[in-house]
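Protein sequences appear in the order of chains A and B. Residues 1 to 275 (the working numbering) are what the first sequence spells out, left to right. Residues 1 to 276 (the working numbering) are what the second sequence spells out, left to right.
Just so you know, these hints were derived from the structure itself, not from any lab. Any given hint might turn out to be false.
[What the hints assert, rightly or not] Cross-link-like lysine-lysine pairs, in silico, DSS-like; alpha carbons within 30 Å at most:
#1 A/166 x A/74
#2 A/151 x A/170
#3 A/222 x B/108
#4 B/273 x A/151
#5 B/53 x B/87
#6 A/222 x A/121
#7 A/151 x A/167
#8 A/74 x A/151
#9 B/273 x A/222
Quick caveat: nothing in here was measured; it's all calculated off a predicted structure.
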Amino acid sequence: MSCYDIIADYGLRSLGIGERILPRSDFTLCHQFTLIGSGLIWNLYFGLLALALGFFMATSLALAKAASNPLLRKPAEWFIFVFRGSPLFIQFFLAYEALVLLPKAGIEVFGITIQTAWTTKAWAGALFVLFLNTSAYAAEIFYGALRSVPKGDLEAADAYGFTGWKKFRKVVWPTMLRLAWPAYTNEAIFLFHATTLVYFSGFPAFQQRGDALYYAKFFADKTFNPFIPYPIAAFYFVCLTLVLITIFGVINRRLNRHLPGASRPKLKVRPQLIR
Amino acid sequence: MCYLTSGKHMLFYTSFLVVMALMVITAPVALMFGFGGALAARSHVTPLRWLGKGYTGMVRGVPDIIFFLFVPVAMDQGLEYLRNLYKCPPSDAPIWANNEFNVCAAAKLPLSTSPQVWHEAYGFALAVIAFSIVFGAFAANVLYGAMNAVPRAQLETAEAYGMSPKQVRRRILIPQMWTYALPGLSNLWMILIKATPLLFLLGVEDIVYWARELGSTKSAIYDYPHPDWRVWYFLVLLFYYLGMTRISEIYLGRLSARLSRGQATMAGEAMRKAGA
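Produce the entire structure from the sequences given, and follow the hints as far as they go.
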């Protein structure tokens, strides 16, 4: 069987397309690269969606935490504390066990039955946890940036007669993003790394459709040789990290385009956040 | 109430100690690894510098969970391979063949005849090594940055006094480095606390294992007299971790105030002014 056939059979295996039975023997390098790469689809799915949805949630949370009204501030503070203060691994377990306890038949709300079975599936449940988690981490970053928006910028906005939404949209928000961007890049990288936890934390891999690390562990368990599958998974993640740094670097340049060359902050990726 | 003091629950409570032991053992070992890595990355010897840079760079792109899965198995197989070389009768059979790892019984670690305690201790030791390697790399990053943050003038003054590079490192660089390293190191401690449930992935019977085991309606051996309680057990773990991080935050805040005293930094300057 040529490598082309293997890619055709297993390239989309993690989505349930192609060959149903995973290889049992004669694991070639091609098998390992293809299946682990196919699992990467799930890492991308979790990471991209959680990041995209979490961005808006994080902005709102940061604003709420910076608000003077305690009715807004306190819940935001607690939310951020709970999700940043506890391990993501435990959050996954807790969410899964809580979702399992929902009534199987569905919940009746105003005569409409809401199905609950899908919430225990990884694509929904784990995504929800990751979304809340990254929102909390990013909110703390945005909150810090929000507090360091220069006073002069705000005074300039006042001088132009900007108020409310316009002031936020034109002055506060861009500056906040600009200041937060390096730390937010870190957060994005570690969010993608955290997606590897999903299938090790209660959420079952339905019909063996797992993520990259799930398949890497599958090969390591089957061949008793960890020296091939894990480095392959590591290789994929290094590539993913480099792509992320490139994309975020482009955005960083755009956010800082009005600044003179020397004072533009460079993206410096430091591993400061993992869960 | 008596139910919560049953033998299994006692094991659950002792597993909290296992987790704490992991943190307490890992932290200094990782710090040592980090020191070695940071000093190697600053070294004038090129291969050593590459080694240091490679070590510190390795955690940036790769999820830590891969290391947690990889290092224990790799260590285990490495050790057994070495023992295989001089304990086993020479044979032509390849080590990795037929999807198995073939070493003779005498090379197994720990020996299959040794008591269960040793198997558990061995698993725990492998976990400590895996954690130390990963967190050592993180710590090396932090310490490397901190060493570079010590004002150049301080080191030059020491050189002007005629200190050797070794003396500069020991008397000036390392004592002054701590205040710059502390924010990063306290962050690392938090991360370490939050990484401890990953012990479960390494097959150690830790709090996650027991929470799953005790919370479910039936164990491998018999049925528990309660419905699915796992969610409550995990809630307890959540509060445990929240408490741990909160307490650490308070103590690390105090430590950072203590270390800023008399330092040529913004925090130190603020303290000097407040005192005067």
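Given hint residue 222 of chain A paired with residue 273 of chain B - CA-CA distance at most 30 Å
Violated. Residue 273 of chain B to residue 222 of chain A sits at ~65 Å, over the 30 Å cutoff.
Notebook entry, point to check: Taking only the CA atoms, is the gap from residue 53 of chain B to residue 87 of chain B under or equal to 30 Å?
Noted result: Violated, at roughly 37 Å.
Practice prompt. Below or equal to 30 Å on CA atoms is what counts here, so check residue 166 of chain A against residue 74 of chain A.
Written response: Between residue 166 of chain A and residue 74 of chain A the Cα gap is close to 26 Å, so the pair holds against 30 Å.
- Query: Taking only the CA atoms, is the gap from residue 151 of chain A to residue 170 of chain A under or equal to 30 Å?
  - Reply: Holds, at about 15 Å.
Q: Mind checking the alpha carbons of residue 222 of chain A and residue 121 of chain A for me, to see if they're no more than 30 Å apart?
A: Judged against 30 Å, a Cα distance of about 26 Å means the pair holds.
- Item | Restraint check for residue 273 of chain B with residue 151 of chain A, where alpha carbons must lie at most 30 Å apart | Holds. Residue 273 of chain B to residue 151 of chain A sits at ~25 Å (cutoff 30 Å).
| Keeping to a limit of 30 Å between CA atoms, is the pair of residue 151 of chain A and residue 167 of chain A held or broken? | Holds, because 13 Å separates the two Cα atoms, which is no more than 30 Å.
Review point. Are the Cα positions of residue 222 of chain A and residue 108 of chain B separated by 30 Å at most?
Key: Holds: residue 222 of chain A and residue 108 of chain B sit about 19 Å apart, inside 30 Å.
Is it true that the CA of residue 74 of chain A sits at most 30 Å from the CA of residue 151 of chain A?
With Cα atoms ~25 Å apart, residue 74 of chain A and residue 151 of chain A stay inside 30 Å; holds.
Figure legend: structure checked against the earlier numbered hints; hints not met, in rising order: 5 and 9.
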